[in-house]
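Asker: Listed here are the chains, written in short residue letters.
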Amino acid sequence: MSKLRVVQYLNQFFAGLGGEEWAGEAPRVQEGALGPGLALQRALGDQGEVVATVCCGDNYVHEHAEQALEQVLEYVSQYQPDLVVAGPAFSAGRYGLACGQVCATVQERLQVPAVTGMHPENPGVELYRSRVYIVPTGATAATMADALKRMAALGLKLARGERLGLPRVEGYLPRGLRFTELASETTAVRAVDMLVKRLRGEAVETEWPLPEYDRVAAPPPIRDLRQATLALVTTGGIVPRGNPDRIESVFATKWRKYSLAGVMDLTGQDWESVHGGYDGTHANQDPDRVVPVDVLRELEAQGGIGRLFDHYFTTVGSGAGTAAAKKFGQEIARDLVASGIDGVILTAT
Amino acid sequence: MRLELASFTVRDVRFSNRTGFNEGILSVDRDELRQLLLQSGDFDDVGVEIARPGEATRLIHVMDAAEPRFKPGNGSTFPGFLGPRKTVGEGRTHRLAEMAIVSVGEPAAGEPTYMREAIVDMAGPGAEVSPFGSTINLVLDFKPHQKYLDPDLPEATMHHIMIGSPLAQRYNHRVRAAELQAAAHLARTTEGMEPDSLEVHELGPVDPSLPRVVYYFQMNWIDVYGENTDGILPSLIHPNEILDGALVNVVSNHHASYRSCTFFNQNHALVRELCARHGTDLNFLGVIIYPGAVVNEFEQKDMLAEHAVKLARMLGVQGACSSYYGGGHPCVEFMLICQKCERAGITTVQVMPENYGTPDDPGFVYSVPEAVAIISAGRATQRIDLPAVPKVIGGQELWSIPGSPGDSLSIPHRLLYGCSTATGYGRLTARQY
Numbered sequence: 127m128s129k130l131r132v133v134q135y136l137n138q139f140f141a142g143l144g145g146e147e148w149a150g151e152a153p154r155v156q157e158g159a160l161g162p163g164l165a166l167q168r169a170l171g172d173q174g175e176v177v178a179t180v181c182c183g184d185n186y187v188h189e190h191a192e193q194a195l196e197q198v199l200e201y202v203s204q205y206q207p208d209l210v211v212a213g214p215a216f217s218a219g220r221y222g223l224a225c226g227q228v229c230a231t232v233q234e235r236l237q238v239p240a241v242t243g244m245h246p247e248n249p250g251v252e253l254y255r256s257r258v259y260i261v262p263t264g265a266t267a268a269t270m271a272d273a274l275k276r277m278a279a280l281g282l283k284l285a286r287g288e289r290l291g292l293p294r295v296e297g298y299l300p301r302g303l304r305f306t307e308l309a310s311e312t313t314a315v316r317a318v319d320m321l322v323k324r325l326r327g328e329a330v331e332t333e334w335p336l337p338e339y340d341r342v343a344a345p346p347p348i349r350d351l352r353q354a355t356l357a358l359v360t361t362g363g364i365v366p367r368g369n370p371d372r373i374e375s376v377f378a379t380k381w382r383k384y385s386l387a388g389v390m391d392l393t394g395q396d397w398e399s400v401h402g403g404y405d406g407t408h409a410n411q412d413p414d415r416v417v418p419v420d421v422l423r424e425l426e427a428q429g430g431i432g433r434l435f436d437h438y439f440t441t442v443g444s445g446a447g448t449a450a451a452k453k454f455g456q457e458i459a460r461d462l463v464a465s466g467i468d469g470v471i472l473t474a475t
Numbered sequence: 023m024r025l026e027l028a029s030f031t032v033r034d035v036r037f038s039n040r041t042g043f044n045e046g047i048l049s050v051d052r053d054e055l056r057q058l059l060l061q062s063g064d065f066d067d068v069g070v071e072i073a074r075p076g077e078a079t080r081l082i083h084v085m086d087a088a089e090p091r092f093k094p095g096n097g098s099t100f101p102g103f104l105g106p107r108k109t110v111g112e113g114r115t116h117r118l119a120e121m122a123i124v125s126v127g128e129p130a131a132g133e134p135t136y137m138r139e140a141i142v143d144m145a146g147p148g149a150e151v152s153p154f155g156s157t158i159n160l161v162l163d164f165k166p167h168q169k170y171l172d173p174d175l176p177e178a179t180m181h182h183i184m185i186g187s188p189l190a191q192r193y194n195h196r197v198r199a200a201e202l203q204a205a206a207h208l209a210r211t212t213e214g215m216e217p218d219s220l221e222v223h224e225l226g227p228v229d230p231s232l233p234r235v236v237y238y239f240q241m242n243w244i245d246v247y248g249e250n251t252d253g254i255l256p257s258l259i260h261p262n263e264i265l266d267g268a269l270v271n272v273v274s275n276h277h278a279s280y281r282s283c284t285f286f287n288q289n290h291a292l293v294r295e296l297c298a299r300h301g302t303d304l305n306f307l308g309v310i311i312y313p314g315a316v317v318n319e320f321e322q323k324d325m326l327a328e329h330a331v332k333l334a335r336m337l338g339v340q341g342a343c344s345s346y347y348g349g350g351h352p353c354v355e356f357m358l359i360c361q362k363c364e365r366a367g368i369t370t371v372q373v374m375p376e377n378y379g380t381p382d383d384p385g386f387v388y389s390v391p392e393a394v395a396i397i398s399a400g401r402a403t404q405r406i407d408l409p410a411v412p413k414v415i416g417g418q419e420l421w422s423i424p425g426s427p428g429d430s431l432s433i434p435h436r437l438l439y440g441c442s443t444a445t446g447y448g449r450l451t452a453r454q455y
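Line by line, the protein sequences are chains Y and S. Throughout, my numbering is defined as the position within the first sequence, counted from one, plus 126. Throughout, my numbering is defined as the position within the second sequence, counted from one, plus 22.
In case anyone wonders, no lab produced these hints; they're calculated from the structure. From the three backbone atoms N, C-alpha and C, an ideal C-beta is built for every residue, glycine too. Any given hint might turn out to be false.
Now the stretches of chain Y that chain S is said to cover, found in silico as 3 or more residues with beta-carbon under 8 Å [said to hold, decoys possible]: (1) 293-301; (2) 310-324; (3) 328-337; (4) 369-378; (5) 401-412; (6) 444-457.
Under 7 Å between C-beta atoms, here's a sample of chain S residues computed to sit facing chain Y [said to hold, decoys possible]: (7) 299; (8) 343; (9) 350; (10) 399; (11) 404; (12) 407; (13) 408; (14) 411; (15) 449.
Can you make the complete structure from the sequences, with help from the hints?
Answerer: This is the structure in structure tokens:
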């Protein structure tokens, strides 16, 4: 088997240019291994060869993100690598972010596998762990040789297209990706085994770790409702009758924004619920029960609120995954902010 | 309560001019069975087919599955559906092992289909993950009688978006009654015969130092003794009742991979495993059943959980297995039971199918910090590729999937019948990469 071609990405410091004063340096490329590349080459042995080193200043890559990445990509592709190794970045934040971004981009744009190494608390981990294989390292360059050895071993597997096993077996930080597999024992046997172990006080490992959710801090109260523009947002699946955009009854893949201009009341004649998770009888009789347009119009007329925003936002919450819900939430929030909304009434079902 | 499950292992099912069981071969008089099921007047026709493991056959529109059972003497076979409503779980029950009766068919008027598709492949990767890919299946293809198909009937109005019109609910009950009638009819062929093996379930006295354990069974659309269980409080029942045909699925419009299924209740894997370890590793006290998806307010869910955990405390329980049927908001009461158990000093293990969208989604509808021992029954949204098959039983087209149902398919596991049941029957899990 011929040697695999490897390109390494380094920052200005590890490439030997210098410290902070060189952080503004634009990308450059050099044939062969450089600095830590020598240790990488030793780790690769006769399996691979470091054919080039691309480096870039840590500030430049963030201040000129697009330009820098394009240049890095061009240099990398010139050498037609089978694998890109970025860093290791240890606990250096800007460097870690750059390594994550270079790896993600190389994989997605050039279809070349990539691996990087970082301390688990490097901010690059949180941002890129789901897209990039990251080998955990110590906080400082003292662990360089060991880190590169593990990165090389993982990288070679990736470059050969081998299927990687579990994170702790292969030595990468869990990407948070869950895949269905066949276990050797039935679900029932595994469950009772786990219970018996727990009852004996033995340690067990959950098959489904609890997530860490974002906590959203409540905004300050609206100072004067009589001046405020309020919007209605719902996961209750109220749509114009006929569901023109085909929002799905479960596992919705989209949200929509519909006009309320001139609408004083949502009637069952013109609106309906397409939500697959609750009995829609009462919502269909009077969709205001889910999206209370009638009451807000009254308040608007009485001066209790400034104005009801002339669109409402809707999707179906039934079966919604957190990732999809987060994306919908961010998109809707962007639209709300851009529309100058002061407050939102969010109705679930 | 002593239940003797007398197993007659079925090596093959064949059509014949006489129904009978001999040397592991179940012979079925196809027309006799068909006529028997048509007597109720609920069906325009009932197709009877055999689907064996390894055959390139696909079953679609699966509604339910059951194992052939018969209780000789004065026992009640499928109480509330077939036999009289009396407590089961005692005495001898004949079972035809290694086979299933699988009911397939079109919906009634006002029956929703957005979650109703359910597929079983008898060969290939689909057969490997669905429990019914490895049983010999007698497939009953139900064609509803005209009286269940008129959309203009007042009864055909969609009353509940998941379980559909009252007509659809009634029709689904009638399909289960027919399926169980067939199940009893076939198992009765073993009357007076000696079984291949006898499995005895009896929660006898054990070493008092063994940890006292219950199982929390969150049910969805399961009738118990033929009765709707929507409004019931969490109740303690004997595991033998579950194994002996008291729990029957009655709704088809629910995700196939974790739909409650009569066969899984009759062969409830978690219950069987807890029974098997009674007296060696634990002291199994019973099953606390409760309905999922029937209370909506957090306070009601909290009250339900309080009650469920109080029952365990009254029994002096130290450990609990708890299963989540796999819906949406019932995850709340499921998690609250875990929390209240752990706070009461009851060690819990939870069994959950995963039903979220993408691999990077953590996937919990609701969770509590105490939920640290979870067994995953597989991630339902992951896709699986199924090869094209020459033979399809159950319908002409798949709901929500274009093309011919015999085509090669790339579908989420969610559509594979029974592959991630929380009753513990399967082997699917999900691992974190």
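Asker: Against chain Y, with CB atoms and a cut of 7 Å, does the hint on residue 343 of chain S hold up?
Answerer: Residue 343 of chain S check passes; min Cβ-Cβ to chain Y is 6 Å, inside 7 Å.
Asker: A closest beta-carbon separation below 7 Å is what the hint needs, so does residue 404 of chain S meet it against chain Y?
Answerer: 4 Å, holds
Asker: Please verify that hint: residue 408 of chain S, Cβ, nearest Cβ of chain Y, below 7 Å or not.
Answerer: Violated - the Cβ of residue 408 of chain S stays beyond 7 Å from chain Y, reaching only about 15 Å at its closest.
Asker: Taking the least C-beta to C-beta distance, is residue 449 of chain S closer than 7 Å to chain Y?
Answerer: 5 Å, holds
Asker: How about the region 369-378 of chain Y: do at least three of its residues have a C-beta closer than 8 Å to a C-beta of chain S?
Answerer: holds (count 3)
Asker: Does residue 399 of chain S hold up as a contact with chain Y if the rule is Cβ-Cβ below 7 Å?
Answerer: 5 Å, holds
Asker: Next item in the hint list is residue 411 of chain S. Is there a CB on chain Y closer than 7 Å to its CB?
Answerer: 21 Å, violated
Asker: At a threshold of 7 Å, is the proposed contact between residue 407 of chain S and chain Y supported by beta-carbon distances?
Answerer: The hint is violated - residue 407 of chain S has no Cβ within 7 Å of chain Y, the shortest such distance being about 13 Å.
Asker: Three residues or more, CB to CB closer than 8 Å: is that satisfied between the region 444-457 of chain Y and chain S?
Answerer: Holds, because 7 residues of the region 444-457 of chain Y bring their Cβ atoms closer than 8 Å to Cβ atoms of chain S.
Asker: Given as covered by chain S, does the region 293-301 of chain Y meet the bar of three residues or more with CB within less than 8 Å?
Answerer: Contact hint for the region 293-301 of chain Y vs chain S: holds, 3 residues under 8 Å.
Asker: Count residues of the region 310-324 of chain Y with a Cβ under 8 Å from any Cβ of chain S, then say if the count reaches three.
Answerer: holds (count 13)
Asker: With a C-beta cutoff of 8 Å, work out whether three or more residues of the region 328-337 of chain Y approach chain S closely enough for the coverage to hold.
Answerer: holds (count 7)
Comparing the model with each numbered hint stated earlier shows that hints 12, 13 and 14 do not hold.
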